[in-house]
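Protein chains: 2
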Amino acid sequence: MDSTTEKQLHRVVIVGGGFSGLYAAKALGRAPVSVTLVDKRNFHLFQPLLYQVATGTLSPADISSPLRGILSDRKNTSVVMEEVADLDPARQVLVLKGEDLPYDTLVVATGVSHHYFGNDQWRETAPGLKTIEDALEMRRRIFMAFEAAEQETDPEKRKAWLTFVIIGGGPTGVELAGAIAELAYRTLTEDFRNIDTTEAQILLLEGLDRILPPYDPELSVKAAESLANLGVTVRTKTLVTNIDNNVVTLRHGDHTEQLSAKTILWAAGVKASGMGQVLAEKTGVALDRVGRVMVEPDFSLAGHPSIFVIGDLAHYAHQGDKPLPGVAPVAVQEGEYVARLIQKRLQGAPIPAFVYKDTGSLAVIGQNAAVVDLGFIKFSGSLAWFTWIFAHIYYLIEFDNKLIVLLQWGWNYFTRKRGARLITGEGAMAQSAEVDADGNYRVPAGVK
Amino acid sequence: MDSTTEKQLHRVVIVGGGFSGLYAAKALGRAPVSVTLVDKRNFHLFQPLLYQVATGTLSPADISSPLRGILSDRKNTSVVMEEVADLDPARQVLVLKGEDLPYDTLVVATGVSHHYFGNDQWRETAPGLKTIEDALEMRRRIFMAFEAAEQETDPEKRKAWLTFVIIGGGPTGVELAGAIAELAYRTLTEDFRNIDTTEAQILLLEGLDRILPPYDPELSVKAAESLANLGVTVRTKTLVTNIDNNVVTLRHGDHTEQLSAKTILWAAGVKASGMGQVLAEKTGVALDRVGRVMVEPDFSLAGHPSIFVIGDLAHYAHQGDKPLPGVAPVAVQEGEYVARLIQKRLQGAPIPAFVYKDTGSLAVIGQNAAVVDLGFIKFSGSLAWFTWIFAHIYYLIEFDNKLIVLLQWGWNYFTRKRGARLITGEGAMAQSAEVDADGNYRVPAGVK
Numbered sequence: 027m028d029s030t031t032e033k034q035l036h037r038v039v040i041v042g043g044g045f046s047g048l049y050a051a052k053a054l055g056r057a058p059v060s061v062t063l064v065d066k067r068n069f070h071l072f073q074p075l076l077y078q079v080a081t082g083t084l085s086p087a088d089i090s091s092p093l094r095g096i097l098s099d100r101k102n103t104s105v106v107m108e109e110v111a112d113l114d115p116a117r118q119v120l121v122l123k124g125e126d127l128p129y130d131t132l133v134v135a136t137g138v139s140h141h142y143f144g145n146d147q148w149r150e151t152a153p154g155l156k157t158i159e160d161a162l163e164m165r166r167r168i169f170m171a172f173e174a175a176e177q178e179t180d181p182e183k184r185k186a187w188l189t190f191v192i193i194g195g196g197p198t199g200v201e202l203a204g205a206i207a208e209l210a211y212r213t214l215t216e217d218f219r220n221i222d223t224t225e226a227q228i229l230l231l232e233g234l235d236r237i238l239p240p241y242d243p244e245l246s247v248k249a250a251e252s253l254a255n256l257g258v259t260v261r262t263k264t265l266v267t268n269i270d271n272n273v274v275t276l277r278h279g280d281h282t283e284q285l286s287a288k289t290i291l292w293a294a295g296v297k298a299s300g301m302g303q304v305l306a307e308k309t310g311v312a313l314d315r316v317g318r319v320m321v322e323p324d325f326s327l328a329g330h331p332s333i334f335v336i337g338d339l340a341h342y343a344h345q346g347d348k349p350l351p352g353v354a355p356v357a358v359q360e361g362e363y364v365a366r367l368i369q370k371r372l373q374g375a376p377i378p379a380f381v382y383k384d385t386g387s388l389a390v391i392g393q394n395a396a397v398v399d400l401g402f403i404k405f406s407g408s409l410a411w412f413t414w415i416f417a418h419i420y421y422l423i424e425f426d427n428k429l430i431v432l433l434q435w436g437w438n439y440f441t442r443k444r445g446a447r448l449i450t451g452e453g454a455m456a457q458s459a460e461v462d463a464d465g466n467y468r469v470p471a472g473v474k
Numbered sequence: 027m028d029s030t031t032e033k034q035l036h037r038v039v040i041v042g043g044g045f046s047g048l049y050a051a052k053a054l055g056r057a058p059v060s061v062t063l064v065d066k067r068n069f070h071l072f073q074p075l076l077y078q079v080a081t082g083t084l085s086p087a088d089i090s091s092p093l094r095g096i097l098s099d100r101k102n103t104s105v106v107m108e109e110v111a112d113l114d115p116a117r118q119v120l121v122l123k124g125e126d127l128p129y130d131t132l133v134v135a136t137g138v139s140h141h142y143f144g145n146d147q148w149r150e151t152a153p154g155l156k157t158i159e160d161a162l163e164m165r166r167r168i169f170m171a172f173e174a175a176e177q178e179t180d181p182e183k184r185k186a187w188l189t190f191v192i193i194g195g196g197p198t199g200v201e202l203a204g205a206i207a208e209l210a211y212r213t214l215t216e217d218f219r220n221i222d223t224t225e226a227q228i229l230l231l232e233g234l235d236r237i238l239p240p241y242d243p244e245l246s247v248k249a250a251e252s253l254a255n256l257g258v259t260v261r262t263k264t265l266v267t268n269i270d271n272n273v274v275t276l277r278h279g280d281h282t283e284q285l286s287a288k289t290i291l292w293a294a295g296v297k298a299s300g301m302g303q304v305l306a307e308k309t310g311v312a313l314d315r316v317g318r319v320m321v322e323p324d325f326s327l328a329g330h331p332s333i334f335v336i337g338d339l340a341h342y343a344h345q346g347d348k349p350l351p352g353v354a355p356v357a358v359q360e361g362e363y364v365a366r367l368i369q370k371r372l373q374g375a376p377i378p379a380f381v382y383k384d385t386g387s388l389a390v391i392g393q394n395a396a397v398v399d400l401g402f403i404k405f406s407g408s409l410a411w412f413t414w415i416f417a418h419i420y421y422l423i424e425f426d427n428k429l430i431v432l433l434q435w436g437w438n439y440f441t442r443k444r445g446a447r448l449i450t451g452e453g454a455m456a457q458s459a460e461v462d463a464d465g466n467y468r469v470p471a472g473v474k
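So the protein sequences, as listed, match chains H and P. Residue 436 in our numbering sits at position 410 of the first sequence; the count goes up by one each step and never skips. Residue 452 in our numbering sits at position 426 of the second sequence; the count goes up by one each step and never skips.
What the hints contain is simulated information worked out from the structure, not anything from laboratory work. Glycine is no exception: its CB is placed at the ideal position from the N, C-alpha and C atoms. Incorrect hints may appear among the rest.
Said to hold, decoys possible - On the chain P side, residues computed to face chain H include the following (Cβ under 7 angstroms):
hint : residue
1    : S98
2    : M107
3    : R219
4    : D235
5    : A446
6    : R447
Stated by the list, open to error - Some residues of chain H that are not near chain P, with every Cβ distance over 12 angstroms (derived):
hint : residue
7    : S104
8    : Q147
9    : T224
10   : R236
11   : V247
12   : T282
13   : Q345
With the hints as extra help, turn the sequences into a complete structure.
Spelled out as structure tokens, the structure:
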């Protein structure tokens, strides 16, 4: 295109390179618009597999793809690696830390982060799982716990090192608990001389009356059975009332209990990213209880038709009795819908209302153990596990060389090895640098 | 074995899980001795491929194997993840941070680290490449430089972001320069909108009169030609006299010159790890100019026949006119030799003196470009490249699931993609967090 045409192009700015933002960018990449994708990271992260990085099966690069690489053949698309500082809807300008970015249409897809329900002091002891850095920190803690147990001579302290508490029985919590159980009861059994890794306790805590609450109750039962077979202790209707000095206080009905555990992982809640607050202040849009943005049926903001919010940050209440869940298939469909809407709007044509096509729910528990709910059929076991594998590989391959992941899994399947169980990062040079005199984690400065 | 036998077992303590220490442990793993391998990390690192992590081709786990996993079937062998605090040769005790470890035979194999020749203040601006963390920091800086150049509007500053200076023309420097040139001139060419990555300047600086000084001069010429073809500017007889504020001061004969470069990588020198100093103090052994330990013909210390030093930390001057070089094949052969010696000594049998069998020298410059010197034959180009690939895969496969590496390379070969070009780690969330107002790196606290 020559520069005259380029000047007239409608400018779409997309904030966030997760599933919804990236699929919107991909869909607009061949349209007669100019697209700018803003992200503070230089890669798209395949979040559904992040727990496999946290538990030593995959490497960060296996589940990440550079945004520039994915979009390199979209010549109308620029990628800007920057943080958003502010928004000026009147002037239609997105203010980045380094520059101002004018837009004709703005698509905000910045997602969610951990939510500690007002107990942000738990963050250090019980880290969550949203970023690559989170996953590497979890990996470090999990494998460090076995190392520390191997060197600990006091039986009580050793038990605490071999106790893993996962808070939250959604898909992430279930997947983490299953993967840690496989580590302790299968992968690591021959590796230590002083400890028996099969003495490890893996507890999965859920406040509601069953794990995987959004799924069909039948699958919750199957998942709980599979977890029990792997050696995970599942406790439902159990609330965490305090975490202090590596002691978790639980409440189950009227019963209160304390558990010593050196490894506590948070998979319990999410809240909207900071952009939700910025949008509320600048446009007056309403937020829900966890800060998600209440969107119109077409994902635009009330009174601001040129601003859209999609993905986990959007509270979409126009289909069913609950908002659409924060899962990848929803995000992908929203991104593609908004991309189509923007193009049609430029042509002055209406498009049908958004309808989410439920592609089913999947959760993996361990090798050969998963649950699948495709709506018309529900199943579990080996077949579910293979369904899960192929569903994930299908998405991964769209981007990059992620056939490697399939091969890595194939290898692990036959050898039960895990190659990525490295303890790395700041201060990971030795256990003594990590654990203070009381045997507690000394969290390096700056690690959130 | 029952506990009575176990009590009588000769205790071998090995410090360091690099090539020499690990191969010694493997060789002793089936002998009637008790072996303890001490390392501050929980994995063996295949250092010859570390530059591929630094330049975004491989992931850390692709070139690392958990020590416990490698040694899990050696039931006489314990792995202790700890740092060494001190040594007491009179009591035959190695003092760890957490405990005392008595030994009958001690094998020290703690290797070397970077050497800035008295200019330790250069470390922050010009990081070296020894650990996984070093490699991830290099990777972050290299890819961040392209991102910063894309956003920079001042032509001078943009040029500095696109200038990469590699100091030191040994194998690591040559491999880094070649890999960065491939990134700039091949992999990334379609990824940016404001910059032309082929305008990047990659400079390789060497103080001596040719690159790859330990190799045959003919191969140095071939390597320099291949680098020039890739777009690398090679400058020999060029000394770095200062690095300050991202400006490198060079001296070539009487000529002095200053270069602005935001990415400066150190591949120039090594010095012995701290254990050399501890050994010198406690046993009176002599050290060479860079702190390596002067060993006897059987790698023991003069007057201390139960202490051995092997690998890069050893200065072995009993073969040829120079000490044996600090490369993996030397380390492997030394480790295996000492393991054999320890076993024979227990039987009261002498073994022949150590003779290093030169397996040849290899350096890779880029896709299809490498130099190989097998002693009886020297060659370069595609055949050398394939020789290099298979030599490395052969070693890697001995350990673990590193067939993955071959597949990754195969994929890269045909697509020219690189999947691992992630910017991660402390403060990698956005460029603005990394670069201060003058456009210099703000190094996060605690990063060495």
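Report the numbers of all earlier hints that the structure fails to satisfy, in ascending order.
4 and 7
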